[in-house]
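For the protein sequence lines, the chains are U and G, in the order given.
Residue 109 in the numbering used here sits at position 109 of the first sequence; the count goes up by one each step and never skips.
Residue 1050 in the numbering used here sits at position 50 of the second sequence; the count goes up by one each step and never skips.
Each hint should be verified, as a subset may be incorrect.
[What the hints assert, rightly or not] Some chain U residues flagged as far from chain G (calculated, every beta-carbon gap over 10 Å): (1) Arg22; (2) Gln28; (3) Leu49; (4) Lys63; (5) Gln136; (6) Arg143; (7) Gly190; (8) Gly196; (9) Glu206; (10) Ala220; (11) Asp234; (12) Ala242; (13) Thr246; (14) Arg250.
[What the hints assert, rightly or not] Label-pair ranges, simulated between beta-carbon atoms: (15) G:Thr1169 <-> U:Lys114: 47 to 53 Å; (16) G:Gly1196 <-> U:Leu175: 44 to 50 Å; (17) U:Gly196 <-> G:Arg1022: 54 to 60 Å.
These aren't lab readings, by the way, just hints derived from the structure by calculation.
Don't be surprised by glycine CBs; every beta carbon is placed ideally from N, CA and C.
There are 2 protein chains.
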Amino acid sequence: MFIVGERINTTRKSMDQAVKERNTEMIQEEAIRQVQAGANTLDVNCGSLKAEEEPEALTWLVKTVQSVTALPLCLDSPNPEALAAGLAVHQGKPMINSISGERSRYTQVLTLIKEYHASVVALCMDDRGIPQGKSQALEVGIRLVEELLTDGISLDDIYFDPLVRSLATSPGSVLETLELMQDLKARFPGLHFISGLSNVSFGLPERRHLNRAFVVLSVASGLDAVIMDPLDKDMVALIYAAEALTGRDRFCLKYIEAYRQGRLKA
Amino acid sequence: MFIVGERINTTRKSMDQAVKERNTEMIQEEAIRQVQAGANTLDVNCGSLKAEEEPEALTWLVKTVQSVTALPLCLDSPNPEALAAGLAVHQGKPMINSISGERSRYTQVLTLIKEYHASVVALCMDDRGIPQGKSQALEVGIRLVEELLTDGISLDDIYFDPLVRSLATSPGSVLETLELMQDLKARFPGLHFISGLSNVSFGLPERRHLNRAFVVLSVASGLDAVIMDPLDKDMVALIYAAEALTGRDRFCLKYIEAYRQGRLKA
């Protein structure tokens, strides 16, 4: 499982304050904790700032985080100017979060992916918004992946996010999301699938149980990347367990190695 | 989900002692705790006792437990004499754990099922032992279910246990077990599926993660009954969550009801 650490995000109050105050120590501490917990890349998001402040803030975030870790980062913004500014100072192969089938976003972000040889999170949506129902989602997904391939992006650099909806407001949509991944996986072997783990439980109580069940079902349907809090050891351990049960961890070697590193115990 | 509470079992040291000493209070306390936690039936098992002591002990267990709960029980023994003795004093519709395709066991337990109009746990095995590989398991399973139906047992009274193996010793068998349930479910709509939740992780560290992932995958494959510790609130909650995500809890009504009853929080 490819883990994108989600903690450096200004939708969290403490991070919002840390970015506004340019609190180097606090940001670096969040970075180091996530790296030590096993994150494969760190998402950096300061999208809650004013649009005109975001490019400079994202640039500062990239530099600040990369001065304490050799990991590449996942630059997370709907704002192409902010992405461009952050990418200009990024070291290594970046990930961009995100592109979609929306025309203006597609064109602007594609240029950046190519310029920086980035991998990219591809959201299952277009100018009509998030697709209604599975057949429309499949159509939007296929078109988006094929367009990226036609435009020269390697399949291995595409992380498709099926955009799971909340179970509370869209009953039935979870099964459709799982089927969407299975169908796209069959059509594009090698395509990566990525998801956040908490949208599914929005509006429901004791959300962790729903998030946990969702990640297990998603792993079984092909999920191979997650945007999550890597400090949530129970969740990380459950992902290792799901991979072992579904034949993606031969002889449980990764599970046992994670155990030996103390990563399965809270 | 139909929850069979597993705590009254003499493989647990405290229960072995309680049964040997005929400690009514201790047994009844275990019964009440499981009922209050939401168990639908309680397994009673004193199979660790000497064979000649088991019939009287099981009879005592049935009476002792049923004097504090109106729930029917699941009488658990490989010994038909013990089952017969316990069934003779049982109130309500009992469950028998278990029958299998083994010839002598099949014949003896079938008589008891019919005499007491019991439901039954049907283990996927025969005189050759536990089947090797999926095609043999499917063959054994189909033959066992068809034989029970032919012998007049209603499909609704059969709880098929696919006998999941340990991931440590049988890699690949977990996926086969899930497929076995799906295949049998397609062939016998209405057949129940039951499983314990801990065999899958035997021999591996931090087993709870594997048990959790297994229950989620099993619910998605049709599991509708479990033999488990109903006091494990995290596991119960995860089962509710898995049912909600897989379309078996319309509008999350059961999940929300369980939350209101305080059953989703440790």
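Next on the checklist: Hints numbered earlier in the text: which of these fail when held up against the supplied structure?
Outcome noted: The structure conflicts with hints 9, 10, 11, 12, 13, 14, 16, although it agrees with all the remaining ones.
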